[in-house]
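Chains as they are written, first to last, in UniProt numbering: chain A, 1 to 648; chain B, 1 to 256; chain C, 1 to 268.
Keep in mind the hints are simulated off the structure, nothing from the lab.
No residue lacks a Cβ here, since even glycine has one placed at the ideal position from N, Cα and C.
Take every hint as true, because none was put in to throw you off.
PhoX-like, lysine-lysine: derived pairs with alpha carbons at most 20 Å apart: (1) A:Lys515 x A:Lys525; (2) A:Lys381 x B:Lys143; (3) B:Lys164 x C:Lys134; (4) C:Lys223 x A:Lys124; (5) A:Lys504 x A:Lys524.
Listed below are several chain B residues computed to face chain C (Cβ distance under 8 Å; list not exhaustive): (6) Thr87; (7) Phe94; (8) His155; (9) His160; (10) Met181; (11) Ile204; (12) Asp232.
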Amino acid sequence: MTSAQQQNHAVDDRDVEIHDYDVVVIGAGGAGLRAAIEARAQGKRTAIISKSLFGKAHTVMAEGGCAAAMGNVNPNDNWRVHFGDTMRGGKFLNNWRMAELHAKEAPDRVWEMETYGALFDRTKDGKISQRNFGGHTYPRLAHVGDRTGLEPIRTLQQKIVSLQQEDFKATGDYESNIRVFHETTITDLFKADGAIAGCFGYFRSTGRFVRFNAPAIVLATGGVGKSYSVTSNSWEYTGDGHALALRAGATLINMEFLQFHPTGMVWPPSVKGILVTESVRGDGGVLRNSEGKRFMFDYIADVFKDLYATSEEEADRWYTDPDNNRRPPELLPRDEVARAINSEVKAGRGTPHGGVFLDVSTRLKPEEILKRLPSMHHQFKELADVDITKEPMEVGPTCHYVMGGVEVDPDTGMSRVPGLFAAGECSGGMHGSNRLGGNSLSDLLVFGRRCGLGASEYVDGLAGRRPAVIESDAEAAVDRALLPFSSATEGGENPFVVHLELQKTMHELVGIIRKADEMEMALKKLEDIATRTRTVAVEGDRKFNPNWHLALDLRNMLLVSMCVAKAALERQESRGGHTRDDFPVMDADWRHVLLVLEALGEDNVELTRKEQIPMRPDLLDIFEMDELKKYFTGEELGGHRADQGERA
Amino acid sequence: MSYWAHFRVWRGDSEKGELVDYPAEVNEGEVVLDIIHRLQQTEAQDLAVRWNCKAGKCGSCSMEINGRPRLACMTRMNTFAEDEVVTVTPLRTFPVIRDLVTDVSFNYTKAREIPSFAPPEGVEPGEYRMQQVDVERSQEFRKCIECYLCQNTCHVVRDHEENKEAFAGPRYLMRIAELDMHPLDSADRQTAAQDEHGLGYCNITKCCTEVCPEHIKITDNALIPLKERVVDRKYDPVVWLGNKLFRRGEPANKNR
Amino acid sequence: MSSTTDASTGRAQISERTLRTDRWWLPPLLNVAGLGLWVIYATVRAFMHAYYFTNEQNYSYLTPFYSPCFSVGCYPEASHFGQFLPDWWWLPYAAISLPFLLLFRLTCYYYRKAYYRAFYLSPPACAVAEPHKKYTGETRFPLLAQNLHRYFFYIAALISLVNTYDAVVAFINKDGSFGFGLGNIILVANVVLLWLYTASCHSCRSIIGGRLNHFSKHPLRYKLWGQVSILNGKHMQLAWTTLASLAITDFYIMAVSAGWWGDPRIVG
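Full structure from sequences and hints, please.
See the structure below:
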């Protein structure tokens, strides 16, 4: 940190620190760091902008693992199987090209991590161990116990340090080619002649403004969970990348699809929403309501009747004899379980803190629990003072992941705005309507790298003719950032109050189960919140002022919430992470339709429908015709081998 | 079951500062970070605090609570008596930015001084073979969430600013141990641990281990084994003589 | 002045050396008391040159404080390994072993923690500012010599062998018959504890296997390392237990040889 940065800045100080880079990566999670490593490897001067401290990204929260068809545990695994699983998980709404690239490249990205120093758990013959996970045909998730997310973050962080050490040897300056600006928030992107020219933001520690002149920007800002009251996401997840992209003229797709994880902690308040891993149920944990009933048996949909046990006796036998018994209904897909819990609580059979009971204590011996679920035991012991070997946990659905994001070119990651790229959770398409567990970490690595590469090639293509930031745009950005201070004199609202209102609206009206009238009400409320957001006011000065930061983040959350609500109202079917009470079934006529959103002024969005690009025939051939018929309309399947007389 | 607690929070910056008293409502099941957030929403809207995951996984909300370095998200309010004054200050080893937020750049500087993982020559990606028993020790150290509580509590730098130059701190000495025990790392790190990163400053008084929220046995499993490895190299006369006579100039035998 | 309270470095201005509200001063105080008392007792006993061997009785208990008894002043029956040291009042009869045992414990990673905290106040407790102006730790002489711990470990292991021998020959009465009394139980218990303490040493842990980078290539040493690691987790408890067991053993033999009480015999 330079001494200039440490100076205190008066509230109305318009001074801006200016930096020039080839590529600016906004976001320092898995996708952002991998993109930066690639850009630097391509010889580009790269800046990484991190909203938190370097290394604190939300990626650390991942528990399960990183999916890659390496075939270390089951040699039958290959990219085609992984591709199929991903498409099935996303109910075939995925961008098939992204799913293809992801499945093909994930193994290389994982192996590469080992050369950076990652230490995954091992198989007996010394390879990377892989574990089973919901929706994956074979054991596929590279993992480190149940804290896998920390490993990629730390590894990529350390790789960047090693690149800086190389630069130091060559130039005497650690930051000559790659520099991390931590605790820095970007509030505006700049364009010139329709292409990206730079971005603008502030340093949290001082409140000082900063501008980056750069022809290529990679968004890797993660998700939008902070628009909901109960979420597994941290404060950073305010949809910054989504909103920045919209305002810069890019489009978002799939915003109606949000993944609610069925089991988040509901108590105590400080950890409301924090994940309780799926393995608890896989290892014998059962769900009970306040009457002590194992209610999941009442929620087995017809399509699952053949696969799931109908009596407790049969369900209990499955754990020891899975071949001759059907699975317990606690192991239904995430969306089914989330909906069931939701219904129980709404019917008044919830726990005192508004969840249901998840119990392993009466199912497994304490030693067994400690052996199989050490981190869950630790999490409940330390955070909730609950000993899961003796008492049940209280759990409920929590907003976990947004499938929607910036519409990008699958191969390069570029949005429709030249020079603007997006990777990871803030990009859309890869996961379709529902993401498989484990596909997130691999997504970050595969498309992070592709974006870094795409951005570098784009910069090369400019051949030195870089768009210059227009000074009036830069002034307007300063005005926007300072607005909450000037509103203070006019008696604006506390941003915290408005934020709570936004979260409540989204949670209650555009939550797990959606109805047209509720969403229409939500949109009305959001309009009202938009007015209030424009005039929120903050106390204090600009130095590490959480109130001010929230006031600026609020605009992004609002815009993103509008996207979610509009798209969710439009899509009249239920699919993956989008469940309509009034349209409860999946409809093949909606599969090939993408709902595309673009900005309409400062705080509104416009929705248009767009046709999906038909899947390449060789990819269609990976599936059997019978399966495809469940998802596709008849005329879409003309290219399949079954129709063409089995191409060799 | 809520009650009013007496909080004393340090407010200020590098110029000046003081402990400010706040009455704060406490509900069942809350942690210190919840109370700080409540203060932000009510009496101290611009109270600066650094936090992220609020689940003990990211290591952002490090501060000192009743004089003890802790994560605020992992310090439950029911560990205090209702009439107890809860004093919250920023970490005292690093320069303060504002209120509870400190400038932790010391740690990033030190991180850059530790030579990175040196991949083995001639082993292609995908061909790395390591046994679980061989990676487990380093894996323990990789659980580190970089909360810097160990760096903050270590008296070597906490009480002696002048040692910051020469001493990497427990977190980064542990990083050296992690790489030194990595079965495929090819760099020689032991001599440098003592000569360049200040391992000798550590007098194993174990405060780093005491404050580690991840319960990593920093002293017993990283620092002492590293000291012993340094002894192997620097203070073992038999090895020293052997090196002089037979293996002069040869790199460390990492392949043992 | 400690940097902790020094705001000139940009740190938060807080004048208290610590804001800890618990009784952080208690553990160092207990350590001072415990270690201090033991050192006084051991010093007195080392120079007493009496009541270290049951020379009046038929059985043959030798206190570890006088083993091996190399002085020409020793009872011949107590000198299992010969006599060559002169009998001067200021020279302990076990002058060969005692300094090494002292050094073994002085350089022990646990005792270092205990006395750095309790006696040097460096630091007195975690997050409590220490009084020293400068601190260089173990970077230079004399504390650099702490790195010699492993050599004292080797010697301590040899001395443990001697103690084991003492405990075994204590089963043979002076008339050559087999004997077994409470004293034997105490001597054996003490030797077992001494071995456990010695084996739980951090240097031992490193030598046995910790220095390896590929456990998988050395399965036996890995297994031993695992066992030593378990013991190592109890190093502090063993350090204190052996201080107690040494003092109890010595006191018991002093009491029996001085005739304060007789040794309850089970056999012989």
